[in-house]
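J.: Take a look at the letters that make up each chain.
There are 2 protein chains.
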Amino acid sequence: MSLFKKVAIIGPGLIGGSIGLALKRKRIALKVIGISRRQKTITLAKKLKAIDSGSRDIRIVKDADLIILATPVHTILRLADILKKIAREDAIIMDVGSSKEEIVARFQKLFCRYIGAHPLAGSEQQGVASASPCMFKNSLCVLSVNRKTDPSALRKITGLWRLLGARTVLLSPASHDKIMAMVSHLPHSVSFALMGTVPQGYLKYAAGGLRGTTRIAGSDSILWTDIFLSNRKNILKAISAFENNLAGIKKAIQKNNRNLLERKLRQARERRELLTRVQEL
Amino acid sequence: MSLFKKVAIIGPGLIGGSIGLALKRKRIALKVIGISRRQKTITLAKKLKAIDSGSRDIRIVKDADLIILATPVHTILRLADILKKIAREDAIIMDVGSSKEEIVARFQKLFCRYIGAHPLAGSEQQGVASASPCMFKNSLCVLSVNRKTDPSALRKITGLWRLLGARTVLLSPASHDKIMAMVSHLPHSVSFALMGTVPQGYLKYAAGGLRGTTRIAGSDSILWTDIFLSNRKNILKAISAFENNLAGIKKAIQKNNRNLLERKLRQARERRELLTRVQEL
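For the record, the sequence lines run as chains E and C.
Numbering follows our numbering, in which position 134 of the first sequence is assigned residue number 134; successive positions increment by one, without gaps.
Numbering follows our numbering, in which position 95 of the second sequence is assigned residue number 95; successive positions increment by one, without gaps.
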């Protein structure tokens, strides 16, 4: 028996499309529909079998028992009031946005059966053309919970992510946003800044170091503008902590302090080795 | 006919060992000898066929027609006076250090046939165990030249790198150091600082973004201390430029300026696309 009868994916792009592909391939849902502002996305998602059918009209979600929001954060927030008027009262609403405090607060006010999810998967690529049904295999999915969270909806969503191949972990929206500011949003801001610093004429001398550190600077700029602004408080703290750290390295270089500089680099290297040993997600 | 009779590699590690493997496999040298402070390195380099024989005693370089310095920058600098007393008058001396101004100045004072080289290859890995004869295939090797450079030595060294599979480009030591501060040393310093910022307890939530941006923070801390200190002036300028860029992103987040932030991220993303289009080195 399928876990859901009709799943609506709003924004069937890289993440939404990957969920759709897996839902259909594993028969987790009887029917998967897609909603996008762009007809091209709907046509492509249908062709790639990420959705059975789709529309630019959001009203088609009205009889879905699971509605997934997979758009940039700003759009997720904007859709809350609209969905409230359309969705079934007993529908489970889930978003897959990368920041959670603002979204969870907004959606829990309107929906009883809302669950915030953040699959730690994806890449700098965009669109349903890069989607894959295996996107979440062996990945970690953070579910944002608090005392308002509906237990039966949480059970179903936990089951969904397990079927998609992910391990799930429960974090409060506040903890999620604090942790993600450090492990994801900070590296992205640093990567964007790094790419903005290197003069264009020097790029032909770039080797693996610059390429690796700036891969995620190729990420969607609207998506990341939304994430940064939605997690403002935490990302600003994380950037400040990073600035202090870099200033420490800079000062050791300025003062020609070999021992101090070597110690700082060695400590960073040791922590990087820890990261290698932590299970690849 | 081999290009060299006897090549001495001081520091047969990742880069020195890779040169040795290629020299022997392609029969570019009749004999390759290795010098290391550690007997373990010599034994392993011999076993892996990166050198024919080796010693902890640097005096074995006395009859080599090419001496390659492949140690950290600080050690390269320290070896100049020692080599002057041992090396043949007509031997070609080449270093493969990642910063060039200081090294070229020191060696050109002592040696007529000195060439500074910087192969833009390698990885965060270390040691001859990670060496490969294909390390330089399709890579770029910067040769540091000025009006003191001996043309016949330059011709031979250019030929050597081409045989190793690299394209060569000529840059003054000053230009080399300025460019490398941006495309290599800056990403390394940022990567070390990033890894030093993320709390250890958060590492289990890290996905591809943090892993990619901090891969090079796993690089050897002594090697990079030397590079940073040897290219102090340029790396400090590069870090300052980066700090300004990051401060711009931070300010746009602080001010909640969606348009400005999105423009900054988009510009970074466009430059990253340029980097993708530049020939992979």
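Treat the hints as calculated values from the structure; they're not laboratory data.
Certain hints may be false.
[As the list claims (entries may be wrong)] Okay, derived cross-link-like pairs now, DSSO-like style, lysine-lysine, Cα gap no bigger than 30 Å in a straight line: (1) E:K233 with C:K255; (2) E:K204 with C:K156; (3) E:K204 with C:K137; (4) E:K237 with C:K148; (5) C:K47 with E:K237; (6) E:K204 with C:K178; (7) C:K204 with C:K84; (8) E:K156 with C:K204; (9) C:K62 with E:K255; (10) E:K204 with C:K148; (11) E:K251 with C:K251; (12) E:K178 with C:K204; (13) C:K204 with E:K237; (14) E:K251 with C:K46; (15) C:K26 with E:K255; (16) C:K46 with E:K178; (17) C:K237 with C:K204; (18) E:K251 with C:K137; (19) E:K137 with C:K46; (20) E:K204 with C:K85; (21) E:K148 with C:K233; (22) C:K46 with E:K237; (23) E:K233 with C:K233; (24) E:K255 with C:K255; (25) C:K255 with E:K109; (26) C:K237 with E:K204; (27) C:K26 with E:K251; (28) E:K26 with C:K204; (29) E:K204 with C:K26; (30) C:K46 with C:K156; (31) E:K251 with C:K156; (32) E:K255 with C:K46; (33) E:K255 with C:K233; (34) C:K26 with E:K178; (35) C:K148 with E:K233.
J.: Confirm or reject each hint.
T.: Each hint tested on the structure:
1. E:K233 with C:K255: It holds: about 12 Å lies between the C-alpha atoms, which stays within 30 Å.
2. E:K204 with C:K156: The given pair, whose Cα atoms are some 25 Å apart, holds under the 30 Å limit.
3. E:K204 with C:K137: holds, 16 Å
4. E:K237 with C:K148: violated, 51 Å
5. C:K47 with E:K237: violated, 51 Å
6. E:K204 with C:K178: Between K204 of chain E and K178 of chain C the Cα gap is close to 14 Å, so the pair holds against 30 Å.
7. C:K204 with C:K84: Distance of about 52 Å is beyond 30 Å: violated.
8. E:K156 with C:K204: holds, 25 Å
9. C:K62 with E:K255: This hinted pair is violated, its Cα atoms lying about 38 Å apart.
10. E:K204 with C:K148: holds, 26 Å
11. E:K251 with C:K251: Between K251 of chain E and K251 of chain C the Cα gap is close to 23 Å, so the pair holds against 30 Å.
12. E:K178 with C:K204: Given pair K178 of chain E, K204 of chain C holds - Cα atoms ~14 Å apart, limit 30 Å.
13. C:K204 with E:K237: holds, 20 Å
14. E:K251 with C:K46: Violated. K251 of chain E to K46 of chain C sits at ~41 Å, over the 30 Å cutoff.
15. C:K26 with E:K255: violated, 45 Å
16. C:K46 with E:K178: violated, 51 Å
17. C:K237 with C:K204: violated, 34 Å
18. E:K251 with C:K137: violated, 37 Å
19. E:K137 with C:K46: violated, 43 Å
20. E:K204 with C:K85: This hinted pair is violated, its Cα atoms lying about 39 Å apart.
21. E:K148 with C:K233: This hinted pair is violated, its Cα atoms lying about 56 Å apart.
22. C:K46 with E:K237: violated, 51 Å
23. E:K233 with C:K233: It is violated: about 34 Å lies between the C-alpha atoms, which goes past 30 Å.
24. E:K255 with C:K255: The hint is violated at about 35 Å.
25. C:K255 with E:K109: holds, 27 Å
26. C:K237 with E:K204: Holds, because 20 Å separates the two Cα atoms, which is no more than 30 Å.
27. C:K26 with E:K251: Not satisfied, since the Cα-Cα distance of roughly 46 Å exceeds 30 Å.
28. E:K26 with C:K204: holds, 28 Å
29. E:K204 with C:K26: Answer holds: K204 of chain E to K26 of chain C is near 28 Å, not above 30 Å.
30. C:K46 with C:K156: holds, 26 Å
31. E:K251 with C:K156: Measuring from Cα to Cα gives roughly 41 Å; hence the hint is violated.
32. E:K255 with C:K46: The hint is violated at about 40 Å.
33. E:K255 with C:K233: Given that 30 Å is the threshold and the Cα spacing comes to 12 Å, the pair holds.
34. C:K26 with E:K178: violated, 54 Å
35. C:K148 with E:K233: With Cα atoms ~56 Å apart, K148 of chain C and K233 of chain E exceed 30 Å; violated.
Violated hints, in rising order: 4, 5, 7, 9, 14, 15, 16, 17, 18, 19, 20, 21, 22, 23, 24, 27, 31, 32, 34 and 35; the structure is consistent with all others.
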